[in-house]
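J.: These are the residues of each chain, in order.
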Amino acid sequence: MAEDELKTVRYKMTGPSVTQRLFTGAALLGLSTFIVALIAVSVGPFNVPFSNTASIMLDLVGLGDSTADPTERAIIQSIRLPRILLAFMVGAGLGISGGVMQALFRNSMADPGIIGVSSGGAAGAVVVIALGLNTVSGFFLPLGAFIGSMIAMTVVFVIANVGGRFSMATLLLGGIAVSSFLSAITTAIIILTDDLTVQRQIIFWIAGGVDMARWESVQIVSPIILVGVVITVFAARDLNLLLVSEDEARSLGVRLGLIRSVLMILASLITGAAVAFSGIIAFVGLVVPHVMRLIVGADHRVLLPLSALAGGLFLLVADTAARIILSPAELRVGIVTAMFGAPFFVYLLVKNRSRVSML
Amino acid sequence: MKSITLESPSSPQVGSNNFELLRVKDLTVSITGTKIIDSISFSLTRGETLGVVGANGSGKTTLIRSIAGLLKPDVGTIRVQGVDGSDLGHRDRARIISYMPQQVQSHPFTAFEAVLMGRYPHLGRLQLEGVEDREIAFSAMRRTGTESFADRRLDTLSGGERQRVVMARVLAQQPQILLMDEPTASLDLEFQILAMDLINDEVAKRNSGAIVILHDLSLAARFCDRILLMQNGELTAKGTPWEVLTPENLRAAFNIEGLVEPDPVTGMPHVLVLGSEKSGSKKSVGFGRTVHMVCGAGSGRQLMHQLKVAGYAVTAGVLGTGDSDREAAERLGVKYVSAPSFSPISESQHSEHIELINRADHVVLCPMAVGMNNLLNIHAAAEGSSLFVIESPDGKVSDYTGGKALELRRSMVERAGSISEASLLFELARHALE
Amino acid sequence: MLVGIKSSNVVGFFIGLVLLTFIACDGSNSNPEKTSLKISTVTPIPVEEVIQPQPTPTYMPTSTATVVPSTSSSVSDERASTPTADPGPADLGFDVNRFKDVPGIVDTTNFGWPRDIETSEGLVTLEKPPIKVHSLSLGHTEILAALMDFSKISAVYSFFTDPEQSNIADLAKSHNMIGFDPEEVVALEPEIVIASRFTDADNVALLKDAGIPVARASLENSALGNVPNILLIGYMVGAEKEAVLLADEIEDRMKAVGDILNGDDLPRVLSISKFTSIFAAGSDSTEGGIIEQAGGINAAADSGIEGHQQVTIEGIAAINPDVIVVPQPIDGAHAFIKELKSSAALFEVPALMNDRIYYVMPKYHTTLSHWNVRGVEEMAALLFPSDFQDLDTNDFSHYTP
Chain U
1 MAEDELKTVR YKMTGPSVTQ RLFTGAALLG LSTFIVALIA VSVGPFNVPF SNTASIMLDL
61 VGLGDSTADP TERAIIQSIR LPRILLAFMV GAGLGISGGV MQALFRNSMA DPGIIGVSSG
121 GAAGAVVVIA LGLNTVSGFF LPLGAFIGSM IAMTVVFVIA NVGGRFSMAT LLLGGIAVSS
181 FLSAITTAII ILTDDLTVQR QIIFWIAGGV DMARWESVQI VSPIILVGVV ITVFAARDLN
241 LLLVSEDEAR SLGVRLGLIR SVLMILASLI TGAAVAFSGI IAFVGLVVPH VMRLIVGADH
301 RVLLPLSALA GGLFLLVADT AARIILSPAE LRVGIVTAMF GAPFFVYLLV KNRSRVSML
Chain A
1001 MKSITLESPS SPQVGSNNFE LLRVKDLTVS ITGTKIIDSI SFSLTRGETL GVVGANGSGK
1061 TTLIRSIAGL LKPDVGTIRV QGVDGSDLGH RDRARIISYM PQQVQSHPFT AFEAVLMGRY
1121 PHLGRLQLEG VEDREIAFSA MRRTGTESFA DRRLDTLSGG ERQRVVMARV LAQQPQILLM
1181 DEPTASLDLE FQILAMDLIN DEVAKRNSGA IVILHDLSLA ARFCDRILLM QNGELTAKGT
1241 PWEVLTPENL RAAFNIEGLV EPDPVTGMPH VLVLGSEKSG SKKSVGFGRT VHMVCGAGSG
1301 RQLMHQLKVA GYAVTAGVLG TGDSDREAAE RLGVKYVSAP SFSPISESQH SEHIELINRA
1361 DHVVLCPMAV GMNNLLNIHA AAEGSSLFVI ESPDGKVSDY TGGKALELRR SMVERAGSIS
1421 EASLLFELAR HALE
Chain X
2001 MLVGIKSSNV VGFFIGLVLL TFIACDGSNS NPEKTSLKIS TVTPIPVEEV IQPQPTPTYM
2061 PTSTATVVPS TSSSVSDERA STPTADPGPA DLGFDVNRFK DVPGIVDTTN FGWPRDIETS
2121 EGLVTLEKPP IKVHSLSLGH TEILAALMDF SKISAVYSFF TDPEQSNIAD LAKSHNMIGF
2181 DPEEVVALEP EIVIASRFTD ADNVALLKDA GIPVARASLE NSALGNVPNI LLIGYMVGAE
2241 KEAVLLADEI EDRMKAVGDI LNGDDLPRVL SISKFTSIFA AGSDSTEGGI IEQAGGINAA
2301 ADSGIEGHQQ VTIEGIAAIN PDVIVVPQPI DGAHAFIKEL KSSAALFEVP ALMNDRIYYV
2361 MPKYHTTLSH WNVRGVEEMA ALLFPSDFQD LDTNDFSHYT P
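Protein chains in written order, with my numbering: chain U, 1 to 359; chain A, 1001 to 1434; chain X, 2001 to 2401.
Careful: at least some of the hints might be erroneous.
[Unchecked claim] Examples of chain X residues lying across from chain U (beta carbon under 8 Å, computed): (1) A2256; (2) I2313; (3) A2318; (4) G2332.
[Stated by the list, open to error] Okay, the calculated bits of chain X under chain U, using three or more residues with CB under 8 Å as the criterion: (5) 2276–2284; (6) 2367–2376.
Please keep in mind that the hints were generated in silico from the structure rather than gathered at the bench. Built from N, CA and C at the ideal position, the CB exists for glycine as well.
Could you put together the complete structure from these sequences and hints?
T.: Structure (structure tokens):
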């Protein structure tokens, strides 16, 4: 009896276990995502009656036989579904890599592009557009962006390892330097090109969006982001220790250099893949992990998977809003994330003033 | 600590004949090319709490960071339970050695989460903490008195509270070797004692060992079985607190004047820091008071230092050239009456001496050897109104005057009593306060 | 803190990029002059609209009379009374009455020199026919090219030479070319600078501070609406006769189109281009104006799209147009048309079912000048092929002495 009482007291003080928090959070976010995805697949400028949407969806998963109009079917199957999936994947990738970067840099102002990946992606995309390769094949643009991201990341890593001694400060400053340099290249190409259409395309690409989603994009992005999420979750405990202090992490058995490099590269890969197919959507990776930390705490074994889910959900909601607010026209999703996400973020910050920290 | 309801699980099974937990041999460590510690050797046995003391920058932190595996030695070996430290895997090491850093950084985890992290080395990569781990962590929190803020984020806690949380984490890690860098730095007085008690308790219970860096020398003396004294990266003394904490060692390692006395409660050395030669505080009771020393041949050197740093004006009487007390007087700027060596004190020197004695508030007679040449000094000392006779450490005073000096001294002891060298400053202070 | 600075970089970079583009393309680039300045759509507007986000405060974009008529000042009264010219209509070789209601001309009876014009940038007195004229927009340069010798135009910008965007590419190619720095304009010492409503106010102020006379002239989405603007420019440069001829040609050709249109069957036409994303031309767009003048309904405007906004394939399906036109450079246009034709979601859209999806030359459709008349004729021929098969759709001619 006394022992039971003590256990209750202890539980109250120490809160639910990692498993409980993870499963509760995942269930709630998963359910919300499912509902939002159902809404997202049912709405759009083209009016598809809900019964038809439902029958097409059932048909797609092998239940029933839809007799819906082929246009409606094409809109659901080839336009809305890949877009929903891409938005979710990109959001999930940005959410988790933002969380990883914030832990690695011990700073909640870090975003997924902190070591130059986004600027590299932009520069890569700009080069592809300036060379006109994107009119040859639609996949040259994401390919160029991804290559740009990876080159930027590699250069920053080489800088941070100069002299054989890895330094986080050099990594950060190198990231800033490389970002600025690449932004200058991007700007120079925009200014120096005589071709107005090139300028237009670059600016639209940089503004970010998932409007050009195709099944092929989903097929390429998903494995990168899913593998990244899984490996990151494996290393979540090490990130916890890293956030406490480098010395304590090492003294508790973390192979600091290895873990840090692997996670940094992984987060950059995820970001690179996301940027390649959606341009630069800056707000998600910065804010989602921050908000989730306020809600579920800092334990990365809970925080990272839930940040991925929440990032996916957030971008899905934002993209759905972007599709329907001005229907049949649409907004850039980056505008929606900032216009609706920022006030919500400020509200959370004010409400949780006492718990907001720089990590 | 408060009542301990949950026992720590019993210590891991280690061969009972293996008393030596850690052996450090010829350890030399450099940081960015600068040699920080140089050829240090010592060992840690089971059940032992080893204190490390030394001035700032003497290499204490570097020493225990090297043992924790955070720094790579240039030369030397660290054997952990008979195994070379460089052969230990990261996680194996973390199960044997725990490290508590000096600076406790703020982070967004709750206290309980932070303590639970001590269990990570004992879990598989994807394994989550089980009920047992949570029990161990919670028990560690109770032992450190941190359970009342288990659910608070570390960045909302005070420095001392954070330090206790980290200590709880170290306990939850259930290590064989506890490395602690100033674990009491931010703690209030009660928790300083409780924390040290806890470390000794843990070491005894689990038959493990602890290496603790401490700045409070009395705390080190009281709670550590042995003490390592470090100076400029070298190990200048090691041994029991009585062996290591001597005024000479304190002066050499810390540049301070200290009194080392048995603590009236524990009987362990109690270190009273008087001050540094550079200080000379006006707040001291000695300020404005003059003490005259009748000494010679090094018998008053130590007291001269101590009186000087305690703020007293010091004079000394008749000292021959080449006398070691005379050298000390020169160095400390003590006014004294001088005489040529190996010649009797002249009339004029004696009267000059009497004059100094009359001007002094107190006169101290040291247990120096007395011969015919300096017999007048004893006579002069007898003129002093407030006289203190210092006992000889070995109880003997050399007399080469055929008993005259001893007799004089005995009469003076009858009149004024005698005290130990170490208690002189207390006595003087009491006088001043009266 | 450092990180803080960095993380705002991406956003800052983007903002900076757009700003830089404003500066870079600056006053000179009002290339395909559009009516609408959609602030609400931050991204989806084609570059040239972004370039000039702020018309001067005194300028009223909705008014057709874009040049602020002079309020009678003592100076202009005095000028008006000076008998510099006693214009008998027959003497001058053009119909002076054409200039009667042209806003911006201070004294519509004065066809001698000096002459005054007053626009929202203030009063400018021209002592003699200018031989160094600078235009900050492609549209005005195209108009100037029809009114006077091209050598009197002080300089051109690089994109004037793009044969897909510009109707004066051949003339511009061999001409003095300058960059986007306003200082280069000052260095040219033009006698008059013609700004458009897309020209940045700061830029104009800079030129005026440097002592360069600036006149701000209008550019309209409707071909006929541009006539007063053409007459004002003609008056400004002393090419009244050429301006009247051009005005007459515009009116004749538009009348010819109007005469053929019967106004019964109005097809819904969607003008879209793809620049990474797809953009539709809604209400208040050059392309939309052309569609309407050619007897169609701008389907995008009809669906509530204002200015240029981003749409998706699904949006196109929802708009459901009878005809689709793609006014963008030919490489991108062909790839885009191919993509549209292969989109299953569009198979039932009439434009695709009836194979009525056309590439059109951007220089007729996206640049505001009299060349839009050519766009209207072309569009009308696409929309009503049988009605317009006999219509001549010649290019406008440049000035010849």
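J.: List, from low to high, the hint numbers that the structure doesn't satisfy.
T.: 1 and 6
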